[in-house]
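I would like the entire structure built from these sequences, with the hints used as guidance.
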Amino acid sequence: MDVTLSINGTDHRLDLDPRVTVLDALRHHLGLTGTKKGCDHGQCGACTVLLNGRRVNSCLTLAVMHDGDEITTIESLGSPDALNPLQDAFVRNDGFQCGYCTPGQIMSATAMLQEAEDGWPSYISRSLETDPDLTDEEIAERMSGNLCRCSAYPRIRQAIAEVRDARGMAAE
Amino acid sequence: MTEAYLRPDTLDEALAVLADGETRIAAGCTDLFAATARKILPGRTLDISRIPTLRGILHDDSGLTIGATTTWTDIATAELPPACRGLQLAAREVGGPQIQNRGTIAGNLCNASPAADGVPPLLTLDAQVVLRTKDGERSLPLDQFLTGPRRTAREAGEIVVAIRVPAEALEGAGHFLKLGARRHLVISIAMVAVRVSLVEGIVQQAAVAVGACGPVAVRLTQLEKALVGQPLDPHLVTDDLVAQALSPIDDVRADAPYRAHASAELVRRALAQVTA
Ligand SMILES: Cc1cc2nc3c(=O)[nH]c(=O)nc-3n(C[C@H](O)[C@H](O)[C@H](O)COP(=O)(O)OP(=O)(O)OC[C@H]3O[C@@H](n4cnc5c(N)ncnc54)[C@H](O)[C@@H]3O)c2cc1C
Ligand code: FES
Ligand code: FES
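Residue numbers (UniProt numbering), protein chains in the order written: chain A, 1 to 172; chain B, 1 to 276.
These are computed hints drawn from the structure, not numbers from a lab.
Please read these numbers as outputs of a predicted model, since none were measured by experiment.
Virtual Cβ for every residue (Gly too), placed ideally from N, Cα, C.
Watch out, some of these pointers could steer you wrong.
As the list claims (entries may be wrong) - Per the computed footprint, the stretches of chain B lying under chain A, defined by three or more beta-carbons under 8 Å from a beta-carbon of chain A, are:
| # | region |
| --- | --- |
| 1 | 73-87 |
| 2 | 265-275 |
Claimed, not checked - Here are some, though not all, of the chain A residues that point toward chain B, as calculated from beta-carbon distances under 7 Å:
| # | residue |
| --- | --- |
| 3 | L30 |
| 4 | T48 |
| 5 | V64 |
| 6 | S144 |
| 7 | G145 |
What the hints assert, rightly or not - Part of the chain B face toward chain A, derived, beta carbon under 8 Å:
| # | residue |
| --- | --- |
| 8 | R7 |
| 9 | T10 |
| 10 | T45 |
| 11 | T238 |
Listed below in structure tokens is the structure:
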């Protein structure tokens with residue numbers, strides 16, 4: 001089946017079996033292997049990409065469902081000699097050990113910071129009505145869709161908190 | 001039509017496809033893929049995620065209409081009356097943020113897991129499930145729509161188009177508490193939704209529902225009767241009143257007596273927090 005996927009600003013025309021997930025289309029059909037496959041069941045977040053700016057698990061959605069949608073992957077964020085702020089913060093804070101979960105963590109954090117700026121509440125936000133403060137605890141809560149088998153969580157949170165502070169986002 | 005995948009833009013087209021033979025409906029796919037190992041979806045797939053009229057929340061004098069493909073994120077970020085707070089809290093605990101951005105409310109109900117987080121809060125809101133075929137529409141109270149674990153009253157040609165909450169059930173304030181090994185990405189051991197309306201400190205309406213403690217989530221009508229007409233007092237909730245209404249199971253996550261006790265404690269806590 002013909003589908004045109006817009007990935008990182010470039011249109012890709014593909015002829016895919018309707019059962020191919022976005023994750024497999026990226027990795028096997030387009031050679032974009034930055035997005036990782038951990039569980040393939042929506043449980044680990046390693047495959048997180050942005051779909052029209054919002055984070056989703058690319059293993060849980062079919063490529064043919066996304067004709068015309070804008071998909072953003074880790075490949076678009078920065079390059080080895082020009083890291084984007086989150087990538088740079090993860091490197092400087094040791095926000096990983098093996099690094100397998102890292103692309104998913106960084107894509108998820110990218111969307112999470114945007115969600116917090118847009119005033120979206122999390123479960124632990126004190127009120128659903130007022131804008132939440134992005135405390136360290138809120139960061140941990142909001143990153144709960146991303147698991148790290150190496151348990152680098154404290155450093156992941158620290159890296160994200162550094163970017164939060166650099167962006168001047170509120171934290172009590 | 002023989003295509004394996006169809007993505008109509010209108011509900012009428014979707015209903016025509018469905019009337020035309022064996023077809024699987026796909027919305028957010030967060031349950032569909034978890035249930036089908038290796039993601040081999042046999043037969044035809046009807047993608048309803050791009051039908052604009054199925055998504056969004058409408059609040060008017062007659063109550064609240066939540067479109068079938070409204071996502072958990074849509075619900076959590078919407079401005080809704082305090083009675084819907086339980087539903088909004090549940091929305092922020094389904095899976096994780098990535099799941100909430102795709103998973104839909106009708107998908108949650110149609111999948112009919114005994115641990116579906118959407119069910120207890122919607123039971124406390126007297127929700128009706130609106131189903132449509134190409135020939136007409138019918139509405140079922142949620143407790144009649146859910147007929148057992150993973151079973152619903154939905155017939156083959158029907159699409160759930162919306163969930164309706166009547167205006168009378170939008171009074172008071174709601175709350176939701178869920179118990180699991182961790183808060184995210186696990187199946188609940190028990191979850192509780194409450195909705196209470198008070199006039200001068202006296203309970204006028206009380207709605208209490210418990211999920212994951214029986215084949216389907218249930219309202220605790222005996223307990224509700226004991227609460228109405230009294231000052232709101234969580235201590236009126238005895239373990240017995242809660243256990244009577246439930247048929248908890250033993251499984252790897254918890255045994256039955258633990259579930260019964262934990263549900264009673266969750267009901268007490270939810271009632272203590274509902275107006276706080
Ligand atoms: C990692 C993970 C964690 C999860 N955690 C939770 C959790 O904590 N709590 C919880 O309640 N759920 C959880 N879920 C389950 C799931 O995310 C929710 O139930 C979600 O709301 C399902 O919606 P969906 O749109 O993705 O459904 P789909 O997967 O698209 O569909 C589910 C079923 O409903 C049918 N269907 C969908 N829409 C309609 C319609 N409009 N009319 C008729 N039939 C329809 C489909 O044919 C299918 O059988 C989790 C799932 C995953 C993968
Ligand atoms: S690979 Fe998609 S969530 Fe684990
Ligand atoms: S760094 Fe190894 S899984 Fe996270």
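Status of each hint after checking the structure:
1. Taking a C-beta to C-beta cut-off of 8 Å, the region 73-87 of chain B contributes 4 residues in contact with chain A, enough for the three needed, and the coverage statement holds.
2. Remark: the region 265-275 of chain B is not confirmed as covered by chain A, as 0 of its residues place a Cβ nearer than 8 Å to a Cβ of that chain, below the required three.
3. At about 19 Å, the closest approach between the beta carbon of L30 of chain A and any beta carbon in chain B exceeds 7 Å, and the interface hint on this residue is violated.
4. Interface restraint check for T48 of chain A: the shortest CB-CB distance to chain B comes to about 6 Å, inside 7 Å, so the restraint holds.
5. Interface hint status for V64 of chain A: upheld, as the beta-carbon distance to the closest one in chain B is roughly 5 Å, under 7 Å.
6. Look at S144 of chain A: its Cβ gets to within about 4 Å of chain B, closer than 7 Å, so that hint holds up.
7. The closest approach between the C-beta of G145 of chain A and any C-beta of chain B is roughly 3 Å, which is under the 7 Å cut-off, so the hint is satisfied.
8. The interface hint given for R7 of chain B holds, since its Cβ lies 7 Å from the closest Cβ of chain A, which is under the 8 Å cut-off.
9. For the restraint placing T10 of chain B at the interface with chain A, the shortest Cβ-Cβ distance is roughly 17 Å, beyond the 8 Å limit, so the hint is violated.
10. Because the beta carbon of T45 of chain B sits about 7 Å from the nearest beta carbon in chain A, less than 8 Å, this interface hint is met.
11. At a threshold of 8 Å, the smallest CB-CB gap from T238 of chain B to chain A is about 29 Å, leaving the interface hint violated.
Violated hints, in rising order: 2, 3, 9, 11; the structure is consistent with all others.
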